[in-house]
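Visitor: Position chain B relative to chain A; hints supplied.
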Amino acid sequence: MSVLVNKNSKIIVQGFTGSEGTFHAEQMIEYGTNVVGGVTPGKGGQTHLDKPVFNTVLDAVEATGADVSIIFVPPAFAADAIMEAADAGIKVIITITEGIPVADMIKAADYVKGKDCRLVGPNCPGVITPEEAKVGIMPGFVFKKGTVGIVSKSGTLTYEAADQVVKQGLGITTAIGIGGDPIIGTTTKEAVELLMNDDETECIVMIGEIGGQLEADAARWVKENGNKKPVVGFIAGETAPKGRTMGHAGAIVGGADDTAEAKKRIMRECGIHVVDSPAEIGKKVASVIG
Amino acid sequence: MNLHEYQGKEILASFGVRVQRGIVAHNAGEAVDAAKQLTAETGTGWHVIKAQVHAGGRGKGGGVKLAKNLQEVETIADSIIGMNLVTPQTSAEGKKVHQVLVAEDVYYPGDSEPAEFYMSVLLDRSKGRNMIMYSTEGGMDIEEVAEKTPHLIYHEEVDPAIGLMPFQARRVAFNLGLSGMAFKEMVKFVTALYKAYEVSDSSLFEINPVLKTSDDKIMAVDAKVTLDDNALFRHKDYAEMRDLREEDPIEVEAKEAGLNFVNLDGNVGCMVNGAGLAMATMDLIKMAGGEPANFLDVGGTADAKRVEKAFRIILKDDNVQAILVNIFGGIVRCDRVAQGIVDAYKNMGDAIKVPIIVRLQGTNAEIAKELIDNSGLAVHSAIEFQEAADKVQEVLK
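Chain order of the listed sequences is A and B. Every position in the first sequence, counted from 1, becomes a number in our numbering once 61 is added. Every position in the second sequence, counted from 1, becomes a number in our numbering once 3 is added.
Isolated chain A, as found in the complex (with noise of 0.2 Å):
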């Protein structure tokens, strides 16, 4: 088992022959990834690293089943990406694109909660299940196969995670990156719910920053449920400033809730075992799986 995305998943590529498009499809391609086409408004007819392009995500799916979508549409037309991959019966769709205007996400993501299908991101590095599928921008090799799960809302913070777990002899089972935007589809406490009810999945790895209350909720959340696996956390972003973006749109400390300190202590409280340093993830998960 695995989540959101695996060896059956047909994925087509939003944005498709654009410069971002083409060539991160034809890394996916390269890594197996089971990419059944592309949309382009206009272009639709044409052929792309020898797929099929559509000018709709309507058309591409009714041609080639597609059920699962990458978006690399600039960021003025990325969030009527989301609702046409909606529209059009997508199940998950997975937006990297970084700089939607905030106005644009929350008609977009309201769009989605109406309709049977899971929003990931914007502005992440999407999601992979090692050996099956690479549905996004990351380093495949990072990823060995296991049964690690991780959430995080950064991306290379992402892959420094794996790869310290893959030092430890482990591999992952998904590894899905939410996203760094204020308003994004899937939750810290969504992606870890996914990962509990995986049945390959033995510890999950949850990486969040400061900014909101995501952390928080899933830490409650997992309490709630009888912390059933063991989850890993670390948080960024102790010595970041109050009240100043850092890089990722939705990192910002607001008030007293949302500081790395703040989420720690949660989380601690709700049983996860948080690591204060950064290098710990992978040693900290090789010694709670025993």
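Hints in this document: simulated from the structure, not taken from any laboratory. Please note that a few of the clues may not be correct.
[Stated by the list, open to error] Cross-link-like lysine to aspartate or glutamate pairs, in silico, EDC-like; alpha carbons within 20 Å at most: (1) K228(A) x E390(B); (2) K174(A) x D127(B); (3) K289(B) x E322(A); (4) K303(A) x E147(B); (5) K206(A) x E192(A); (6) K303(A) x E209(B); (7) K130(B) x D171(A); (8) K303(A) x D127(B); (9) K289(B) x D337(A); (10) K289(B) x E341(A); (11) K130(B) x D278(A); (12) K168(A) x D232(B); (13) K303(A) x D232(B); (14) K344(A) x D393(B); (15) K303(A) x E294(B); (16) K228(A) x E369(B); (17) K303(A) x E250(B); (18) K168(A) x D204(B); (19) K205(A) x E387(B); (20) K344(A) x E387(B); (21) K174(A) x E160(B); (22) K228(A) x E387(B); (23) K198(B) x D171(A); (24) K303(A) x E249(B); (25) K303(A) x D251(B); (26) K303(A) x E150(B); (27) K130(B) x D177(A); (28) K151(B) x D318(A); (29) K168(A) x D127(B); (30) K303(A) x D268(B); (31) K303(A) x E254(B); (32) K63(B) x E146(B); (33) K168(A) x E160(B); (34) K303(A) x E96(B); (35) K303(A) x D144(B); (36) K174(A) x D162(B); (37) K258(B) x E159(A); (38) K303(A) x E146(B); (39) K176(A) x D162(B).
Bear in mind that the values here come from a model prediction, so they are computed numbers and not experimental data.
Guide: Just chain B now, with coordinates in the frame of chain A:
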């Protein structure tokens, strides 16, 4: 992007939100002219002189003063313009005041007592919706109100599909205890304010105070407006309102170079790819006994030119005693980044006087380490995250 009070008020007024009127002045002479013009247009006898800087609590620092005649307008404007205004939200050195807003006096006596309220519009992150937050306790620090009298703060959540409904606007006015003319005015005010927030793509409106005047008008006496940077592409006119004088010059320079940089007070600079890893690196610097001097996300392409620019920006800070470069090479290969660092270092010659620790992990990390080690440069290399931290600790000794 933050705006000055006068710019925020301009945006509000353009959507039909009633605001306290004012004119910007850059010197005492302009202030007197502005005061005369305001008196002619509004009949105001007194004027309020307000420093225009990006910081709250201006009144506490002496940046907002009442002038009862033109002589006072001149003296007060003269004293505020050019001063370094220190408020609870600025550093100890304060912020230099380049301009003031000369505003009409709106606390004139009349049939009823004036009343101050608080109102803000912002994103409720947990719900993914905008909300209007308001309180009967206006003109005070809202965080203090939230702590001492949380029951006096109300929220109105807006459904993104249908927008702010009239019954919600009425509820705001009722909760603020208004009736008659003032009630109607508040409904209009709230409705226009929310529309302004949405259409301008703002991420924060904070109106403190919202004033009910003695003749039952409702108006914004102050306006803190923050625009969503990601939406500025569709608001070119607002983008031009950016006042670079209010921002850290080093951060402005970094931004122009496409680097995501935040200036901090510490002694160890850092250059990292990815925002999350950058924050984690700052935290590790602290654990190693240093203090981060900056946040810097160089992004995906760490070539020689970019690395050099990043080094130069970090080194503008004299407090920097060491620099930690932490790159996780995924799609971007570590050996290319290492080459970029070596080239940048050689290019800069003697400009680098502090130890540099380079930690490269990921694709071709071993080759990259060799490249650094064989370069003959005074650069410490590492592959593991902890190793990098230990080296930072070493060089700080």
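Visitor: Work down the list of hints and note, for each, if the structure agrees.
Guide: Taking the hints in turn, this is what the structure says about them:
Proposed proximity of K228(A) and E390(B) is supported: the alpha carbons are some 15 Å apart, at most 20 Å. At roughly 16 Å between alpha-carbon atoms, K174(A) and D127(B) fall within 20 Å of each other, so this suggested pair holds. Straight-line distance between C-alpha atoms of K289(B) and E322(A) comes to about 14 Å, which keeps the hinted pair within the 20 Å bound. At roughly 17 Å between alpha-carbon atoms, K303(A) and E147(B) fall within 20 Å of each other, so this suggested pair holds.
A threshold of 20 Å between alpha carbons decides the hint, and for K206(A) with E192(A) the separation of about 7 Å falls inside it, so the pair holds. For the hint linking K303(A) to E209(B), the alpha-carbon distance of about 18 Å falls within 20 Å, and the restraint holds. Taking the CA atoms of K130(B) and D171(A), the gap is about 10 Å. The hint holds against a cut of 20 Å. With a C-alpha separation of about 18 Å, the suggested pairing of K303(A) with D127(B) holds against the 20 Å cut-off.
Proposed proximity of K289(B) and D337(A) is supported: the alpha carbons are some 11 Å apart, at most 20 Å. Simply put, K289(B) and E341(A) have alpha-carbon atoms about 15 Å apart, close enough for the 20 Å limit, and the pair holds. Restraint check for K130(B) and D278(A): satisfied, since their Cα atoms lie roughly 12 Å apart, inside the 20 Å limit. Simply put, K168(A) and D232(B) have alpha-carbon atoms about 18 Å apart, close enough for the 20 Å limit, and the pair holds.
Between K303(A) and D232(B) the alpha-carbon distance is near 19 Å, which keeps this suggested pair within the 20 Å criterion. This hinted pair checks out: K344(A) and D393(B) have alpha carbons roughly 17 Å apart, not beyond 20 Å. With a C-alpha separation of about 16 Å, the suggested pair K303(A) and E294(B) falls inside the 20 Å cut-off, and the hint holds. A hinted pair counts as satisfied when its Cα atoms are at most 20 Å apart, and K228(A) with E369(B) qualifies at roughly 15 Å.
A threshold of 20 Å between alpha carbons decides the hint, and for K303(A) with E250(B) the separation of about 16 Å falls inside it, so the pair holds. With a C-alpha separation of about 13 Å, the suggested pair K168(A) and D204(B) falls inside the 20 Å cut-off, and the hint holds. Among the hinted pairs, K205(A) with E387(B) is consistent with the structure: their alpha-carbon atoms are about 18 Å apart, no more than 20 Å. For the suggested pair K344(A) and E387(B), the alpha carbons sit about 13 Å apart, so the restraint of at most 20 Å is met.
This hinted pair checks out: K174(A) and E160(B) have alpha carbons roughly 17 Å apart, not beyond 20 Å. Between the alpha carbons of K228(A) and E387(B) the distance comes to roughly 11 Å, so the proposed pair stays at or under 20 Å and holds. A threshold of 20 Å between alpha carbons decides the hint, and for K198(B) with D171(A) the separation of about 19 Å falls inside it, so the pair holds. Annotation: proposed proximity of K303(A) to E249(B) holds, straight-line Cα distance about 18 Å (limit 20 Å).
Of the pairs offered as hints, the one joining K303(A) and D251(B) holds, with about 16 Å between alpha carbons and a cut-off of 20 Å not exceeded. For the proposed pair K303(A) and E150(B), the alpha carbon gap of about 18 Å is at most 20 Å, so the pair holds. Proposed proximity of K130(B) and D177(A) is supported: the alpha carbons are some 19 Å apart, at most 20 Å. With a CA separation close to 17 Å, the supplied pair K151(B) and D318(A) stays within the 20 Å bound.
A C-alpha spacing of about 14 Å is found between K168(A) and D127(B), which places the hinted pair at or below 20 Å, so the restraint holds. A threshold of 20 Å between alpha carbons decides the hint, and for K303(A) with D268(B) the separation of about 13 Å falls inside it, so the pair holds. About 17 Å separates the Cα atoms of K303(A) and E254(B), which keeps this hinted pair within 20 Å; it holds. Between K63(B) and E146(B), the direct Cα distance comes to roughly 16 Å. Compliance with the 20 Å bound is thereby established for this hinted pair.
Between K168(A) and E160(B) the alpha-carbon distance is near 14 Å, which keeps this suggested pair within the 20 Å criterion. The straight-line distance between the Cα atoms of K303(A) and E96(B) is roughly 18 Å, inside the 20 Å bound, and the hint therefore holds. For a cut-off of 20 Å, the pair hint linking K303(A) to D144(B) stands: about 17 Å separates their Cα positions. The hinted pair formed by K174(A) and D162(B) meets the criterion: a straight-line CA distance of about 13 Å does not exceed 20 Å.
Taken as a hint, the K258(B) and E159(A) pair is honoured in the structure, with Cα atoms around 16 Å apart against an allowance of 20 Å. Restraint check: the Cα-Cα separation between K303(A) and E146(B) comes to about 14 Å, which is no more than 20 Å; the hinted pair holds. For the hint pairing K176(A) with D162(B), the CA-to-CA distance comes to about 17 Å; that is within 20 Å, so the pair holds.
When each numbered hint is compared with the structure, no violation occurs for any of them.
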